[in-house]
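Chemist: Given next are the chains, with one letter for each unit.
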Amino acid sequence: MINSGKFLVQEEPFSEIVIGDTAIVRAMVEAGVKVVTSYPGSPTPEIGAAIGTIPHDERPFYFEYSTNEKVALEIAYGASINGHLSTVFFKSVGLNVASDTFVQLSHMNLIGGMVVVLGDDPGAHSSQNEQDNRHYAELSYMPVFEPSTPTEIYTFFKKAAEISTKRKMPVILRLTTHTCHQKERVFFDGWKRKEYDFSPKFNVSNGPYVPVASAVFPLKRKALEKLDSIRFSEECRFFNQYINNGSSRGIITMGTTYLSLMELVKNISDKPDILKLGMVYPLSEEEILSFLKSHREVKILEELDPCLEKMIKALAFDNGIKCKIVGKNKISDFIGEYTPDKVREIMSECWSDIFPASTFEKKDIPVPARPAQLCPGCGHRSAYYAIKKVLDENDIKVGDIGCHTLGFLPPYNMVQMLMSMGASTGIASGLSLFNKERKVVCFLGDSTFFHAGMPGIVNAVFNKHNITLIILENGTTAMTGHQEHPGTGHNFDEETVALPIKDVLEGFGIKNITIVDTYQQKKLTEAVKNAVNKEGFSVVIAKHPCMLKFAKLQKRKGSFIQRHVHVDKETCEQIHECLKFFGCPSFSINNDMSVTVNKDLCIGDGSCIQTCPVSAIKYQ
Amino acid sequence: MKEMNIYITGVGGQGIGMLSEIIARAADYAGYKIKAVDTHGLAQRGGTVTSEIRIGYDIYSPIIEKGNADLVIALEKHEALRGMNEMLKDGGTLLWYDTSWQPLPVRLGETKEVSEKDIEFEALSRKIRNIKVLDKDLKESRMQNIVLLAHLIKNRLIEKIDENICKKVMKELMNDKIYSMNEEIMEKTT
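Protein chains in written order, with our numbering: chain A, 1 to 620; chain B, 621 to 810.
Bear in mind the hints are in silico, worked out from the structure with no lab data behind them.
Where a beta carbon is used, it is the ideal one built from N, C-alpha and C, also for glycine.
A few of these clues could be false.
[As the list claims (entries may be wrong)] Over 12 Å on every C-beta distance to chain A, these chain B residues come out as not near it, computed from the model:
hint: 1; residue: M624
hint: 2; residue: K655
hint: 3; residue: I673
hint: 4; residue: R702
hint: 5; residue: R746
[Said to hold, decoys possible] Residues on chain A that point at chain B, a partial pick, calculated with CB under 10 Å:
hint: 6; residue: E263
hint: 7; residue: G336
hint: 8; residue: P340
hint: 9; residue: S352
hint: 10; residue: P410
hint: 11; residue: T525
[Unchecked claim] Below, computed lysine-lysine pairings styled on DSS-like, alpha-carbon distance capped at 30 Å:
hint: 12; chain 1: A; residue 1: K599; chain 2: A; residue 2: K555
hint: 13; chain 1: B; residue 1: K787; chain 2: A; residue 2: K555
hint: 14; chain 1: B; residue 1: K737; chain 2: A; residue 2: K362
hint: 15; chain 1: B; residue 1: K756; chain 2: A; residue 2: K266
hint: 16; chain 1: A; residue 1: K599; chain 2: B; residue 2: K752
hint: 17; chain 1: A; residue 1: K549; chain 2: B; residue 2: K759
hint: 18; chain 1: B; residue 1: K732; chain 2: A; residue 2: K362
hint: 19; chain 1: A; residue 1: K266; chain 2: B; residue 2: K752
hint: 20; chain 1: A; residue 1: K557; chain 2: A; residue 2: K569
hint: 21; chain 1: A; residue 1: K599; chain 2: B; residue 2: K774
hint: 22; chain 1: B; residue 1: K737; chain 2: A; residue 2: K580
hint: 23; chain 1: A; residue 1: K569; chain 2: B; residue 2: K732
hint: 24; chain 1: A; residue 1: K192; chain 2: A; residue 2: K389
hint: 25; chain 1: A; residue 1: K552; chain 2: B; residue 2: K759
hint: 26; chain 1: A; residue 1: K276; chain 2: B; residue 2: K737
hint: 27; chain 1: A; residue 1: K552; chain 2: B; residue 2: K686
hint: 28; chain 1: B; residue 1: K788; chain 2: A; residue 2: K6
hint: 29; chain 1: B; residue 1: K791; chain 2: A; residue 2: K389
hint: 30; chain 1: A; residue 1: K557; chain 2: B; residue 2: K774
hint: 31; chain 1: A; residue 1: K362; chain 2: B; residue 2: K787
hint: 32; chain 1: A; residue 1: K555; chain 2: B; residue 2: K653
hint: 33; chain 1: B; residue 1: K622; chain 2: A; residue 2: K557
hint: 34; chain 1: A; residue 1: K439; chain 2: A; residue 2: K522
hint: 35; chain 1: B; residue 1: K791; chain 2: A; residue 2: K363
hint: 36; chain 1: B; residue 1: K653; chain 2: A; residue 2: K552
hint: 37; chain 1: B; residue 1: K622; chain 2: A; residue 2: K599
hint: 38; chain 1: A; residue 1: K6; chain 2: A; residue 2: K192
hint: 39; chain 1: A; residue 1: K388; chain 2: B; residue 2: K759
hint: 40; chain 1: A; residue 1: K363; chain 2: A; residue 2: K226
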């Protein structure tokens, strides 16, 4: 069997079909990275999964999932100023969490080097926005390299690590969902395990590392000088690619947008010239200027925000260049992923004489939508079903990030707003001010509790807010693929101290805490009723293990017993409580309005049995 | 064959990732260049999950343009209609497994379930080759993906991809027990 844990640390050169998130791990190995940290978030948790396939004692670097992105970044920073090449990776919005430390990084002399890997999500496939993290580069004085393929992820990472180590500065490798998850055959170099000096090399004389008062300006100057040294270096040419088709028209592009463009260009006869940028900040000015000077018209084709466009237009202005530069024209140009479809739409509007528009017209056939769902057996379903009974239509329900966000969907409609990790308690507290008539309830997952949830909770205690917090505890970081967290008693590699959420809350001085297993629906209804009717801050911990993880583990151990429920036709009165209120996807409706259980979906958890008013749901 | 676009669709949990991995690797062994991409993240929780495979010699993006798939493989009835409507070329091929995982609006009684007739009607009107697959004796629904693979081979839907190549790939991707269960299905069908 193909085993990524083996080939990722194999010494001989090889090639393998991998996704970008796997290719990057081999790059880390070859580059000699010694410390890797992360907090899971799409599109990057598969990097952690690939690392996890390498047996702990063969892994040539330290890896941890930290409690949040900021902590992860700080660990990578600490390692770097101790002399170790480090890498941190997380999703787009994770950088917002890490930003307080992140913006300082370039001011520091990172003697070991550091590659910050960002997983942006154009198209918002698994994120609450599609923020363009290239903006952070200008704010933080860090160079940004952006690959378009798994092969480039591999080669760019190694080169980025080299630049970072040489200049002792942090660099950003910006990935997007479809570079991370893109699959192709990648050819990898060989690698040899080397002796390595692990001694701590932190020395204040490499600093200063305390950016106060008089130290700030020289540090900032040094950061800007390092950035400039890249702008004018030969190294940046490694990342950029010029495709000369002998045209008077040119396109400057980057990332997966380049791939989309090439799909179109390969099928047209009058091909424009293309400058594909892999170093997207700062720009390699000479290359850009010579491209502009040698073309009559240049289109800047970039996904999301006009970062390249602004820099290139400024450059052209300063150099008095006459070339017509076409950037974004309308709001839709800022929105969504630049797939081949989107690029065709843009280019056929821009240069209709060479780029044909799409001829495909989708027929308007009604196909029922299929939104993501809580899984069969999910404890959150029982929780929402039970909690909904207590709350008034008019009460305000605040959600947070995680699988439980899916409670915004019918039939639950229990999440009316969502912002960012751990935000629910603070938002709920704000909603409770001057508010005597509408109860405010907020939800929070367990990994999120440890990630960013605690400050809002402490604040609710400190400032005596009148809200009810319901912690939906499933014992894992479920949405991103079941990573451990500080409550589980296990870290990435080994057993560790479990921090029970209830103990933490008691430590905060919260008196009104109830714990209920969500499958005990009546008890949970009662607990929430008591909590919301009490003045002040109350917490209900609605607990049930993630059943997807639970069933998977049982199957692996061979202890899984396949059971199913069925709906007894004799007893069923077609009240449809199971379909319309409990809403487990295992229930299907037939043309005669009877209900059957889809055995491919039912895991036999039985949490539905108690919901049927006439007890028609039974174990088979 | 210069180029072929394959769009695989179904519901999170149906084994689309494995089917896609087998086809992509088989195509690679057959000498094509491949690019592929699967849905990861949020949609894996019971939403529509897709995988796109592009096979050929001059391939850049893993993403297929709308209405530009030569072959749509669907592991579920609703997704068969959706995939055909959004991605398949007129005159292309639809290979689908006849099972229904009702989407939320159907279960809530807001819309009708998609029927086989809906699919047949659409396929006929767009000259699409419609191959429905169902293995009534299949004990493990998670092996429906391999049933589809076997029919893909039997119908020679991808040039140069045959039983031997697929078995070779499956052996690389599965443990012995799972492999032998799947091999049985392959041999029964092809």
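Chemist: If a hint holds in the structure, say so; if it doesn't, say that too.
Modeler: Tested hints:
No Cβ of chain A approaches the Cβ of B:M624 within 12 Å, the least distance being about 14 Å, so the stated non-interface status holds. Residue-level check failed: B:K655 sits 5 Å from the nearest beta carbon of chain A, not beyond 12 Å. With a cut of 12 Å on Cβ distances, B:I673 falls inside the contact zone with chain A, its closest approach being about 9 Å. With a least CB separation of 4 Å from chain A, B:R702 falls inside the 12 Å interface cut-off, contrary to its annotation.
Separation of B:R746 from chain A is inadequate, the least Cβ-Cβ distance of about 8 Å not exceeding the 12 Å criterion. Below 10 Å, beta-carbon pairs count as interface contacts, and A:E263 has one with chain B at about 5 Å; its hint therefore holds. Given the 10 Å rule on beta carbons, the hint for A:G336 is violated: about 12 Å separates it from the nearest Cβ of chain B. Nearest Cβ of chain B to the Cβ of A:P340: about 5 Å, under the 10 Å cut. The hint holds.
Checking A:S352 against chain B: minimum C-beta separation of about 18 Å lies over 10 Å; hint violated. Checking A:P410 against chain B: minimum C-beta separation of about 6 Å stays under 10 Å; hint holds. The interface hint given for A:T525 is broken, as the beta carbon of that residue sits about 23 Å from the closest beta carbon of chain B, more than 10 Å. Distance check on the hinted pair: A:K599 and A:K555 sit about 17 Å apart at the alpha-carbon level, within 30 Å; holds.
Taking the CA atoms of B:K787 and A:K555, the gap is about 25 Å. The hint holds against a cut of 30 Å. The straight-line distance between the Cα atoms of B:K737 and A:K362 is roughly 19 Å, inside the 30 Å bound, and the hint therefore holds. For the suggested pair B:K756 and A:K266, the alpha carbons sit about 45 Å apart, so the restraint of at most 30 Å is broken. Between A:K599 and B:K752, the direct Cα distance comes to roughly 21 Å. Compliance with the 30 Å bound is thereby established for this hinted pair.
Of the pairs offered as hints, the one joining A:K549 and B:K759 holds, with about 23 Å between alpha carbons and a cut-off of 30 Å not exceeded. This hinted pair checks out: B:K732 and A:K362 have alpha carbons roughly 21 Å apart, not beyond 30 Å. Between A:K266 and B:K752 the CA atoms are separated by roughly 35 Å; this puts the pair beyond 30 Å, and the hint is violated. Of the pairs offered as hints, the one joining A:K557 and A:K569 is violated, with about 35 Å between alpha carbons and a cut-off of 30 Å exceeded.
Using a Cα cut-off of 30 Å, the hinted pair A:K599 and B:K774 holds, with the two alpha carbons roughly 28 Å apart. Of the pairs offered as hints, the one joining B:K737 and A:K580 holds, with about 27 Å between alpha carbons and a cut-off of 30 Å not exceeded. The hinted pair formed by A:K569 and B:K732 meets the criterion: a straight-line CA distance of about 22 Å does not exceed 30 Å. With a CA separation close to 62 Å, the supplied pair A:K192 and A:K389 exceeds the 30 Å bound.
As the CA atoms of A:K552 and B:K759 are separated by approximately 19 Å, the hinted pair is consistent with the 30 Å bound. As the CA atoms of A:K276 and B:K737 are separated by approximately 48 Å, the hinted pair breaks the 30 Å bound. A hinted pair counts as satisfied when its Cα atoms are at most 30 Å apart, and A:K552 with B:K686 does not qualify at roughly 35 Å. Between B:K788 and A:K6 the alpha-carbon distance is near 19 Å, which keeps this suggested pair within the 30 Å criterion.
With a C-alpha separation of about 51 Å, the suggested pair B:K791 and A:K389 falls outside the 30 Å cut-off, and the hint is violated. Of the supplied pair hints, the one linking A:K557 and B:K774 is violated, its CA atoms being roughly 36 Å apart against a limit of 30 Å. Distance restraint check for A:K362 and B:K787: the Cα-Cα separation of roughly 37 Å exceeds the 30 Å cut-off, and the hinted pair is therefore not satisfied. Between A:K555 and B:K653 the CA atoms are separated by roughly 36 Å; this puts the pair beyond 30 Å, and the hint is violated.
For the suggested pair B:K622 and A:K557, the alpha carbons sit about 46 Å apart, so the restraint of at most 30 Å is broken. Distance restraint check for A:K439 and A:K522: the Cα-Cα separation of roughly 20 Å lies within the 30 Å cut-off, and the hinted pair is therefore satisfied. At roughly 41 Å between alpha-carbon atoms, B:K791 and A:K363 are farther apart than 30 Å, so this suggested pair is violated. Under the criterion of a C-alpha separation no larger than 30 Å, the hint pairing B:K653 with A:K552 is inconsistent with the structure, at around 34 Å.
A C-alpha spacing of about 42 Å is found between B:K622 and A:K599, which places the hinted pair above 30 Å, so the restraint is violated. With a C-alpha separation of about 14 Å, the suggested pair A:K6 and A:K192 falls inside the 30 Å cut-off, and the hint holds. A distance of roughly 38 Å separates the Cα atoms of A:K388 and B:K759; the hinted pair therefore is violated under the 30 Å criterion. The suggested pairing of A:K363 with A:K226 is violated, with an alpha-carbon distance near 55 Å, which exceeds 30 Å.
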